[in-house]
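Participant: Given next are the chains, with one letter for each unit.
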Amino acid sequence: MDIMQHVPIIMIILPVFFAAFTVLFRSKSGLQKALNVGVFALLFILSLRLLSYVWDNGILVYEVGEWGKYGILLVADLLGAGMVVLSSLISLMAMIYATDYMDRKALDTTFFPLFNLMAAGLNGIFLTGDIFNMFVFFEILVLSSCGLIVLTGRGDHTKMADKLEAIFKYLVLNMVSITLMLVAIASLYATVGTLNMADIAVKVSYLAEAGTLPWHFHVIAMILIVVFGYKASMFPLHFWLADVHPSAPAPIHAMLSGMVIKVGVYGILRVHYLIFNETMFMLQPILILLSLITIAVGATSAIGQYDLKRMLAYSSVSQIGYVLLGVGMGTAYALTAAIVYLVNHAVAKSMLFLATGETLYHAGTKDIRKMGGFAKSSPFLGSIFLIGAMSIAGLPPTGGFFSKLVLFDAGLSSEYYIPVAIALVFAIFTLFYLFRTWLAIFWGEIKDTDNADGYTERKPTVAIKVALALLACVVIYMGVYPEHLLSLSGTIADQLLDPQPYITAVLERSVR
Amino acid sequence: MTTLIAKTITKACVPIIILFSISLLLAGHNYPGGGFIGGVMFTSAISLLYIVFGLRYMDSLYRYQWEKWFAVGLLISTLTGIGAMAFRYSFLRSTYLTVSLPLLGDIKLLSTTFFDIGVYLVVTGSLLFVFKTMGEDE
Amino acid sequence: MNLLDLALVVMTLSLLPCLYRIVFGPTVADRVVGLDALTLVIVVILGAYSYVQESPFFLDAALVMAIIGFIGTIAIARYLEEGEIF
Amino acid sequence: MNDTLLSVSIALVFGIATFMILRRDLIRVAIGITLLSHATNMLIVSTGAFLGGRTPIITGDKAVSTGGTFIDDLATGILAPVIPDGIEIAYVDPLVQALTLTAIVISLATTAFLLILCYRLYQEQGTTDVSEIRRLKG
Amino acid sequence: MDLFTAITLAVFLPFIMAAILPAAERVLKNRVGWYAAAVALICLLLVAQALPAVVNGETVTGSFPWIPSLQVELSFYGDGLSVMFGLIVSGIGILIMSYSNEYMSKREDLSRYYRYLLMFMGSMLGMVFSSNAIQLFVFWELTSITSFMLIGYWRNRPMSVYGATKSLLVTAGGGIFMLAGFLLLGIITGTFDIVTILQNGSMIALIKGHELFLPALVLIIIGAAAKSAQGPFYIWLPNAMEAPTPVSAFLHSATMVKAGIYLVARIHPIFSGTEAWFVLVGGLGIITMLAAGFLAFRQTDIKGILAYSTISQLAYMMAMYGYTSYQYPGIGVTAATFHLLNHATFKACLFLVAGIVAHETATRDITKMGGLRKELPATFIIGAIAALSMAGVPPLNGFLSKEMFYESSLEMGHILGGPFEYLIPAAAVLGGAFTFAYSIRFIDGIFLGKRRSEHLPKHMHEPTPVMLFPPALLAALVILIGIFPSAAVHYIIEPAASGILLEDVQLHVSLWHGFTAALLMTIITFIAGAALYARYGAIAAWQDRVSARYPAWSFNSLYDRIVNGASGKSTAFAKVMQPGPLSPYLIAMLLIFLLLSAVPVIMIAGTLIPTELNLEVPMYEAVLLGLIILASLGTAVLRKYLHAIIAVSAVGYLVSLVFIYLQAPDLAITQLLVETLATIIFLLVIIKVPQTFREKITRSVLARDLLISSAVSITVLILLLNASQGIVSPFESLSYYFIENSVPLAGGHNMVNVILVDFRGYDTLGEIVVLCLAGLGVYNLLKSRSDSK
Amino acid sequence: MLFTAIEVASNIFFLIGILFVFLGMVGLLRLPDVYNRLHATTKIATLGAFGVMLAITIRTGLSAMGLKAIMVGIFLILTAPVAAHIIARAAHRSGTELWTGSVADEYAEACVAKKDELNSGPDKRL
Amino acid sequence: MKQYIAYALILGLVWSFVSGNISVLNFMVGSILGLLIVQSLKKLYRPDKDMTFRSIAEHLPKLAVYFAVLLIEITKASVQIARIILSPGMDIRPGIIAVPIRATKDASITAIANTISLTPGTLTIDISDDMTKLYVHAIDVSEPEELKHSIRDKLEKYVLEAFE
Ligand code: NA
Ligand code: NA
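Protein chains in written order, with this note's numbering: chain R, 1 to 512; chain G, 1001 to 1138; chain X, 2001 to 2086; chain C, 3001 to 3138; chain H, 4001 to 4789; chain D, 5001 to 5126; chain S, 6001 to 6164.
Treat the hints as calculated values from the structure; they're not laboratory data.
For glycine and all other residues, C-beta sits at the position ideal for the given N, C-alpha and C.
The hints are all genuine.
A short, non-exhaustive set of chain R residues, derived as facing chain C with CB atoms under 10 Å:
1) Lys69
2) Tyr70
3) Leu171
4) Thr504
Construct the entire structure; sequences and hints are all you get.
Facilitator: In structure tokens:
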């Protein structure tokens, strides 16, 4: 077997293995850091190799245990591999950043294993071809997030009590949503007798053609929308996000807002577009409606926030609404737009959150009203923050511009005039609150706070600068030369709308 | 608390429970049981010791680092899978061979047994780690 | 009515007093006794299953139940008495 | 077991659990979550109780034959497994049991975390009342 | 070097040079402005290379591959219009950057200043040479951002921040609408390339007949108006005066604000010749011209006067580009284009003069000035020339284009007929009169009369030649173009107008062109303007009274109310959307679950409850399940935690009995074990919390929760009853494979275990990872105690 | 013939066992206080359970089933009294009153005496 | 070492039982596992010095007698309690009494306490701190002295023989 064939499983097993390794051999912090950054760099390189392999050679199916569709398959199609690249990129940067940012205590104890497992969870979700396995990896992701949120970093001004409360809400809601997911999976299995998503898809389309598709099948689709909508923080399932994400230390915040909420979108793209085509006619209007409300609610809430992290969290809600709008409109172009949007938001938001962590460390407070004048002392952070804000606001020459461009274009070409109009208006809201915030932090006078004297001494360290600068490069790259992303997303969208190659690749496996 | 009576009976029971847990682990492939069940059984045995003799007393006798247990377990389980890759198979590709030994007769050696042992250690390690950490908490 | 049905009916009825004690008490100790008795009845049900179906699988469950019923009881009793477990 | 009655019971436990998780009390929410996972686990098993009626453990050394074929025929759309008519399988569905087992273990892990979270929350906030713990408002 | 390369280079050079500017600054120290000026000069030369070609009616085109997915190339297009703009931008750029050498204090952050100036210049050049809408938009928004950085250059001053924010919100926000307009255009025509559209008559016809014509036009005009401070969008421009004066000169005379005008000119062939075009562009221009002229008149800040005057001058151009009819779509085009050039010269000059004045007097308040002609004679002369040109006084260039404005107004009025025959010329004259009045006020207030303030410095002296040369050069241009317009007309205006009108334009402009109606209007303008200025005190007082009585009736206060009010309203909104406790979140989740589950029921009328239900129930099953319900109810009812936990254990044990009945010994064992361990954890926790918590459940909360719970219950029941009808034929469960193969292939008899460790061992791997995570997470939780405790 | 005898014997043990467990549970319901109820579960029910296990062993001999059943029986006999003892002790120490019809409580007296002596809370020794 | 082996062999037997297979091989496997378990738990167990094969061998018949007696007593006890349970009036006079014991070794004290719990109408609640008295709950304490006497003479005798 070609070594490339193993890359999907390596993307998951390597961090798991390494997590165990780290728990077992707690060594000196410096070595630990270097090893972990090394592993994540390796994962990133592998993910790129995987994507290019899939691009060249088509869908890569990996049989764990070699049981064909009767076991669990990892399916690296362009969507999956692309998401893995994205998550590997962001985790690498967050990891580099974290080696400096996180508390000594966290680095010495559980940070590295938890972070490794979080990465494994993400990759596992993106690569699995089995719906129950997706549930398992959802749990990995949730629990690792919870464990990581508790940890603290140097710019982390969240009270422990608040963190715990946030985790409590997150966890309880998650457990309810996971319950719903299990109900859906069990019902799905009871209806078609399989858990392999490609297998389900082909059986469902057979039943639909034969006219024997039971009606409760659509209920299952709806339940899964609730599950994924919760993960993606779609209205009215978005409440938790503004509590939870800001409670996390910056690198984890970046992971959560950058990658983890994207899992919900991925879920809809993967599961609904593969399996629930028959329900799409009901789902699409619902998704569009809810995504528009999500956009509006997120943006409107963000404006009134003076807690920087919270403001950005609401912004994530709003932005995910744009992604879901694309998902809901459902044409090839709209899906392209959704994926482009997703990628750009992931990169820019995670960069913004990493920058925020460092900014809060400099500021000594979370309250925007108490900040000001940092441009002079931290021009680097100011530029990074600006690039991030521009991208989220959709201004060129950042990636965010093209995501808005293609989204609006897709909407207008499918004659969704009113949704686009609403999205457009809230894009200006976004511009407003992001720039207002940027100005409040970096321009104006230095405020008289606890840190008024000390703030100049706190300069970002090399690791933090490297992580931020690399992400900024990606943001600019996607704004200056978006063709790679656009054509990749376009191909992904085509594959989503025509799942036949996916199904064929999966089901043409021989059994032992 | 715990009286002499409870302690004595506990001493008598714990080895039984541990043996039973090992039996569940090894028999799991053919009878009810397996790594998880065995591991939880073992955990129960140790919890019984903790309950009856007290965590602090047990800790003064043995300094178990349960987190190492689950790390080792996770390593064993993943290595079982990776082992298959070394033979150019897929991850977690199972295999078994029936060995005829002169004294012991036919013995079926399964690669999945190692996987199950990993599961056993992880379950034991993580649950006892939780118990111990929580029990030590003031 | 065959032996299994008989055993199951009698044992299921035996569950009622346990549940009564667990839910209605009146004292905590009564609830603990109820739970302890519940585990015992379950052991018997498992035994009955094995006996009638002549399959050993449920005896493993019975042994498990016997063991951990004991542990659970001791844990709750220790909590009740001293307000701590470990 | 009777499907209908079981379904009704599962649904009722779902309802009770829902009522519990809407309470203001941390511990009661945790209990509600536990009930919810009980209900879910029963639900998963119940959806698979359709094959035969025997414990899914093969006694004796002979492999069981279902007479089925397991090769997918994408061209006709009829996908494996294909089982000829009139084949009666003695065993209950083992797959749902395995899924439930995984679900049980996962919910144990999550519940453990949740409970200790409740304790820490009480420790930090001095109350188990969820609605008093509302610092994160607005 | 071919022309396309020259233009491309001219666009990218400023960016490249801006990137390496910090390095240059290290070498040149505070002379780095010359470096920037040199860059601008090179750009000018590069652009100028194209001039001969465009004068000959040729165009420069070329492209690089960029985004094939959107069929968008990186393409540049040089015609008369864009070359004119390129020359203005880079030419004035040279002057501004040279001027800044002296103007900007050595202590300033020069690197940032010139970096953004260069980037701004590059963006402007990129914008005017862009061939396609997407690329144009990119550069368009870049000008918004770079100008935002420039306006807010003094970033610690609150008013700078305010002004910068406003400019960004209005211009970039308007840009987003414009983008939508471009997208509609793209959807109608199938291309984003404006030049392609321009050169394709059938496409233009298609657009004009399309139902999306009006939306596209409105959206694009919103963007243009926002950029050019027209209509209600004017509000950003006066506040943008917080920028360093050279920046204001650059932004508001020649570049930033002209972007909107450029866009209007560029899309002129596509949309003009329609009523909508006239109403939107022309109407907007006329109204803005009057309002801004009126407002400029009463300003006390010299830069304020220039700001409002800029708005009103831009409105002239807007109005002229808006003049259109089906027969002669380009009525005002040449006039507007000529005025555009003239305005660039005199307004840049005026700003630079204002900069000198402010620099010397250390104030910008015109009421404190006066009599400066003695101390600053050269400045006075230069300023007076520029202001008089703005006022439309012959023989300066402003006079020429003003005359043309009147002519085109008359023509437009004539075409429209009816009351418009007089209204439009009258409006033009009134606008001219305001212009005359505030121009005179600028000269009079600053240079003439006596000193009005003691606070002015005792000794003022003329600035150095470095600072004086740029305005002097511009003033010279004002005179030169005024007296000898034909060169400018031939080399610049005609090609530009041809570029707009897509036909060869021949234009004859001379200082004296006979006694025409326009000349009469000019004379009326002067008289009316003088009268207005004479009544300045009364008018200003009236204006103050009005704005004092209706303080909220302005677009500025509307903006402030929206911006400030939004935060407050949103805080309140967020409070509503963020109730805090868990239960509302959960209720939201459950409700959406219920609602969405109901959708298929409504849309596909299925039988909710299957007819073939097994209703034969052995007694012991009923009792067992009943006991589970009883014990579950117990957990809900029992007050003390310990009691509830004992009941939970009972539920768990009973559930394991259900598993036994369902022939699942592995599950039953697991359930029993897990239940016991969970009980131990429960106990470990309730040791440390109070024994109970009594929640007072009000009747309404009870009703609500019961309702939700029953709904959940019923939904799950219906789903489950339907789902447990068995796998839909012809499909079968995967389990057949496991049953058949667990012994021969996996070597195990316990199928469940074989599935767990082999068929689906990967799931189990995930499961043990979850267990590890619980351990690590709990460790974190318990070691996370805050120090305050 | 022997086979049937074993079957009959085991069935008898089985039924008696079931019956005893049932009686124990009736006792659990009927007896007046927790201490008395413990008698019912510790003795009768445990015996009943032992009987069922014995029945299995009789039926299957030293097969896997029989051995396991014996193990279950032994374990129950080992643990049931301890569990009862610990519950009773905990109940008494946590203040569960004896039934009003009880005639003596020497344990309470001893506890009171010791409490006076130590003047401390519950016994914390291991 | 000997005592370890003794323990290990006992555990080997237990292993054979719990794994449901009595064979020499399985017994050996169990003994090895048992040895490992005892070894790793030795700090807690402190295997008694006098735990030898001979003492085990000597005690075995007595243990058997003890178990026989125990079973008979349990059966008697059960019948007695069953009668009480089923009697409509439930005429009982319960109470807690202190019963002095002679046993000194842990195993024998435990054995006597459990024996009391399993036999007619009595239930061990606690041991006194000095390990000389058991507090016993009895369903019928109308004649406490007789009860104490019967415990000492009937039950403790067998226990002491089997365990001391
Ligand atoms: Na498992
Ligand atoms: Na018991």
